[in-house]
Amino acid sequence: MKKIASIFITLSLLALIAGAIFGALAGIQYVKPDFLKEVIAFNKMRPFHVSTVLGWIILCSTGGIYYYLTEVLKLKLFSKKLAAAHLILFILCAIAIYVSFFTGNMGGREYFAYAPIISVPILLGWMLFGVNYFKTVVKQVKSWPVYLWMWGTGIGFMIYHLGETNFWLIPYFRENFIKDFAVQWKSYGSLAGCWNMLVYGTAIFLMSKVKDDDNIGRGKKAFFFYFLGLFNLMLGWAHHTYIVPTQPWVRYLAYGVSMTEWIILISIIIDWKRSLSTEKKKLNDISYKFLMATDFWVFFNLFVALLISIPYINLFTHGTHITVAHSMGTTIGINTTILIASVFYIVNREHREVLNKFASIIKPGFWIFNVSLGIFLICLLMGGVEKSVWMYFTDEPSTFGQMQDKIQPYMYVFLAAGFGLLLGILMLAVPMLTCLTKKSK
Amino acid sequence: MTALVVMFVIYNVVVYTQGTSNNTPKMSEQAIKGEQLYQDNNCTACHQFYGLGGYLGPDLTNTISHPNKGAAYVKAFLNSGIKTMPKFNFTEEEKDALAQFLTEVDQTGYYPIKDAETDASGWVGIKYKNQ
Numbered sequence: 001m002k003k004i005a006s007i008f009i010t011l012s013l014l015a016l017i018a019g020a021i022f023g024a025l026a027g028i029q030y031v032k033p034d035f036l037k038e039v040i041a042f043n044k045m046r047p048f049h050v051s052t053v054l055g056w057i058i059l060c061s062t063g064g065i066y067y068y069l070t071e072v073l074k075l076k077l078f079s080k081k082l083a084a085a086h087l088i089l090f091i092l093c094a095i096a097i098y099v100s101f102f103t104g105n106m107g108g109r110e111y112f113a114y115a116p117i118i119s120v121p122i123l124l125g126w127m128l129f130g131v132n133y134f135k136t137v138v139k140q141v142k143s144w145p146v147y148l149w150m151w152g153t154g155i156g157f158m159i160y161h162l163g164e165t166n167f168w169l170i171p172y173f174r175e176n177f178i179k180d181f182a183v184q185w186k187s188y189g190s191l192a193g194c195w196n197m198l199v200y201g202t203a204i205f206l207m208s209k210v211k212d213d214d215n216i217g218r219g220k221k222a223f224f225f226y227f228l229g230l231f232n233l234m235l236g237w238a239h240h241t242y243i244v245p246t247q248p249w250v251r252y253l254a255y256g257v258s259m260t261e262w263i264i265l266i267s268i269i270i271d272w273k274r275s276l277s278t279e280k281k282k283l284n285d286i287s288y289k290f291l292m293a294t295d296f297w298v299f300f301n302l303f304v305a306l307l308i309s310i311p312y313i314n315l316f317t318h319g320t321h322i323t324v325a326h327s328m329g330t331t332i333g334i335n336t337t338i339l340i341a342s343v344f345y346i347v348n349r350e351h352r353e354v355l356n357k358f359a360s361i362i363k364p365g366f367w368i369f370n371v372s373l374g375i376f377l378i379c380l381l382m383g384g385v386e387k388s389v390w391m392y393f394t395d396e397p398s399t400f401g402q403m404q405d406k407i408q409p410y411m412y413v414f415l416a417a418g419f420g421l422l423l424g425i426l427m428l429a430v431p432m433l434t435c436l437t438k439k440s441k
Numbered sequence: 001m002t003a004l005v006v007m008f009v010i011y012n013v014v015v016y017t018q019g020t021s022n023n024t025p026k027m028s029e030q031a032i033k034g035e036q037l038y039q040d041n042n043c044t045a046c047h048q049f050y051g052l053g054g055y056l057g058p059d060l061t062n063t064i065s066h067p068n069k070g071a072a073y074v075k076a077f078l079n080s081g082i083k084t085m086p087k088f089n090f091t092e093e094e095k096d097a098l099a100q101f102l103t104e105v106d107q108t109g110y111y112p113i114k115d116a117e118t119d120a121s122g123w124v125g126i127k128y129k130n131q
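Residue numbers (my numbering), protein chains in the order written: chain H, 1 to 441; chain V, 1 to 131.
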């Protein structure tokens, strides 16, 4: 089983590197619109970037779950054959997705730009994963710690909401633009909730292992936050669509649900204050370090997310780069740092000697990654403020092109920070990949 | 558990039927063709409706009803290859379909809403087009 998990993780790291390269190339168009415009047209590059980095999040959390179930929790996997089939299906889907992009045979829906038929094998892969997961866990574990609930929830809802992203193929939805549009964004909001379940479950699992404290995954508080997350997964999506003319109650509900997340923020502040006073013995552990980085980015992103979930603020930030700062901030700052921590945890268990040789690269890599990300997000926020001023606070708005010229300076720094992120990612991912190619202990 | 599943199903059905209802008439066949072209060429990578989409190009929700723009303006843009926008080769018929799609999107509402009603609770009342 180790082998299958390790292939998932190796592929995910390759996706992370490729996705960052695609992102940097796409970013060039923000400052040099004519640069290789025909070769790397933005509408071609963006799907490559989006699908590949989503692949990173999905493959890495999946590989991690297979590994943790069998190697750390020592459960006997229900079926290795199903897991192998899952892996092969996902590899075939990835190939199909790239072929669909190269040949321009696209579905062209935001985030799901590949030909819609590929959704069928992807869904099948998730079902295989689901069957294997529940068959493995239900029999062998009596009282589930919260991370097992989170992984199970993530997989289950993923199947439903992936299906939901394809509802536009049904005329009932397609014929009504607002219905189609709202349901599309509903599914995206919930999908993000699903992979967050997989990734945050991983974070809680890691914290309980790194700190060697099983209670982290078992307390009342852990389950309270699990239900809060589930509640937001199901109902919180509509804060993406406040401005879309759906029925007011959908919008009210989203407002109310989104605001429950303040509880999380307050709880983090309290915990953080408390943890300051205790010794951080394991500070030299690289997984621990990344989880601390996650902590910081959670704080930053939750604050931004909460502010832009208030309709009055959302009115001005929606449709600007501030929203991008939010989505990239959470996928890079939170999801990616957790998953990097997860891979380091595994690599450290399997190949400690090899990993130690890379310490002098990993350490600066950590800082380059996090500092670049900070600059990257600040540029997006500033660009967003400029755009908002252009949209709402200028009596005679200049043209779109003039507005873009105005935010150009931020975009230059943004691009440079993007390349910094790529460098940081390489300094982290290459050592991990090198370890994974070695035979494990 | 069963109760949760039942609630989930009811909630989804209500959202699909009621919550996302809007009095805009059904899209015409020509507009749906236009939407397909919009998707096939991945216009959403750069453009937005209601502020949702990519940020390299302008929001297109109300381009059609903009006093200085309109269908002829839109059609002129499509094969122009201006700035980052790729140089498309749409036929006259395809251009009409895209313009029709944008026309029918325009009829669904307003974006951006410059004179939205706001109140002290942080709530924003949006303007509806077809009430």
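One should not assume that every hint holds.
Distance windows between CB atoms, simulated [to be verified]:
1. D285/H - N79/V: 21 to 31 Å
2. S267/H - A72/V: 52 to 62 Å
3. M1/V - M127/H: 17 to 27 Å
4. F134/H - P25/V: 11 to 21 Å
Below, computed lysine-lysine pairings styled on DSSO-like, alpha-carbon distance capped at 27 Å [stated by the list, open to error]:
5. K32/H - K33/V
6. K95/V - K129/V
7. K44/H - K129/V
8. K69/V - K406/H
9. K44/H - K83/V
10. K32/H - K114/V
11. K142/H - K76/H
12. K406/H - K81/H
13. K80/H - K142/H
14. K69/V - K83/V
15. K75/V - K37/H
16. K127/V - K87/V
17. K87/V - K406/H
18. K37/H - K127/V
19. K75/V - K44/H
20. K32/H - K129/V
21. K211/H - K74/H
22. K142/H - K44/H
23. K74/H - K139/H
24. K438/H - K32/H
25. K26/V - K406/H
26. K438/H - K37/H
27. K129/V - K406/H
28. K87/V - K44/H
29. K33/V - K44/H
30. K129/V - K37/H
31. K37/H - K83/V
32. K220/H - K2/H
Hints listed in this document are in silico derivations from the structure and should not be mistaken for laboratory results. Note that CB positions come from ideal geometry on N, CA and C, so glycine has one too.
We went through each hint and held it up to the structure:
Restraint check, D285/H to N79/V: a C-beta distance of roughly 58 Å breaks the suggested window 21 to 31 Å. At about 56 Å, the beta-carbon gap between S267/H and A72/V stays in the expected band of 52 to 62 Å. A hinted range of 17 to 27 Å holds for the C-beta pair M1/V and M127/H, which are about 19 Å apart. The supplied range of 11 to 21 Å is broken by F134/H and P25/V, whose beta-carbon atoms lie about 45 Å from each other.
Among the hinted pairs, K32/H with K33/V is inconsistent with the structure: their alpha-carbon atoms are about 33 Å apart, more than 27 Å. With a CA separation close to 25 Å, the supplied pair K95/V and K129/V stays within the 27 Å bound. Pair hint K44/H plus K129/V does not hold up; C-alpha atoms about 34 Å apart against a cutoff of 27 Å. Using a Cα cut-off of 27 Å, the hinted pair K69/V and K406/H holds, with the two alpha carbons roughly 23 Å apart.
Between the alpha carbons of K44/H and K83/V the distance comes to roughly 16 Å, so the proposed pair stays at or under 27 Å and holds. At roughly 31 Å between alpha-carbon atoms, K32/H and K114/V are farther apart than 27 Å, so this suggested pair is violated. For the hint pairing K142/H with K76/H, the CA-to-CA distance comes to about 14 Å; that is within 27 Å, so the pair holds. At most 27 Å may separate the alpha-carbon atoms for a hinted pair to count; K406/H and K81/H exceed this at roughly 56 Å.
As the CA atoms of K80/H and K142/H are separated by approximately 22 Å, the hinted pair is consistent with the 27 Å bound. Between K69/V and K83/V the CA atoms are separated by roughly 18 Å; this keeps the pair inside 27 Å, and the hint holds. Proposed proximity of K75/V and K37/H is supported: the alpha carbons are some 21 Å apart, at most 27 Å. Using a Cα cut-off of 27 Å, the hinted pair K127/V and K87/V is violated, with the two alpha carbons roughly 35 Å apart.
Between K87/V and K406/H the alpha-carbon distance is near 25 Å, which keeps this suggested pair within the 27 Å criterion. Our distance criterion of 27 Å between C-alpha atoms is broken by K37/H and K127/V, whose separation comes to about 38 Å. This hinted pair checks out: K75/V and K44/H have alpha carbons roughly 22 Å apart, not beyond 27 Å. Restraint check for K32/H and K129/V: not satisfied, since their Cα atoms lie roughly 39 Å apart, outside the 27 Å limit.
Restraint check: the Cα-Cα separation between K211/H and K74/H comes to about 19 Å, which is no more than 27 Å; the hinted pair holds. In summary, the hint linking K142/H to K44/H is not supported, as the alpha carbons are separated by about 48 Å, beyond the 27 Å threshold. For a cut-off of 27 Å, the pair hint linking K74/H to K139/H stands: about 13 Å separates their Cα positions. Between K438/H and K32/H the CA atoms are separated by roughly 42 Å; this puts the pair beyond 27 Å, and the hint is violated.
Distance hint between K26/V and K406/H is unfulfilled; the C-alpha atoms sit about 40 Å from each other, more than 27 Å. The suggested pairing of K438/H with K37/H is violated, with an alpha-carbon distance near 41 Å, which exceeds 27 Å. With a C-alpha separation of about 33 Å, the suggested pairing of K129/V with K406/H is violated against the 27 Å cut-off. Our distance criterion of 27 Å between C-alpha atoms is met by K87/V and K44/H, whose separation comes to about 13 Å.
For the hint pairing K33/V with K44/H, the CA-to-CA distance comes to about 21 Å; that is within 27 Å, so the pair holds. With a CA separation close to 38 Å, the supplied pair K129/V and K37/H exceeds the 27 Å bound. Taking the CA atoms of K37/H and K83/V, the gap is near 9 Å; set against the 27 Å cutoff, the hint holds. For a cut-off of 27 Å, the pair hint linking K220/H to K2/H is broken: about 33 Å separates their Cα positions.
Hint compliance for this structure: hints 1, 4, 5, 7, 10, 12, 16, 18, 20, 22, 24, 25, 26, 27, 30 and 32 are broken, all remaining hints hold.
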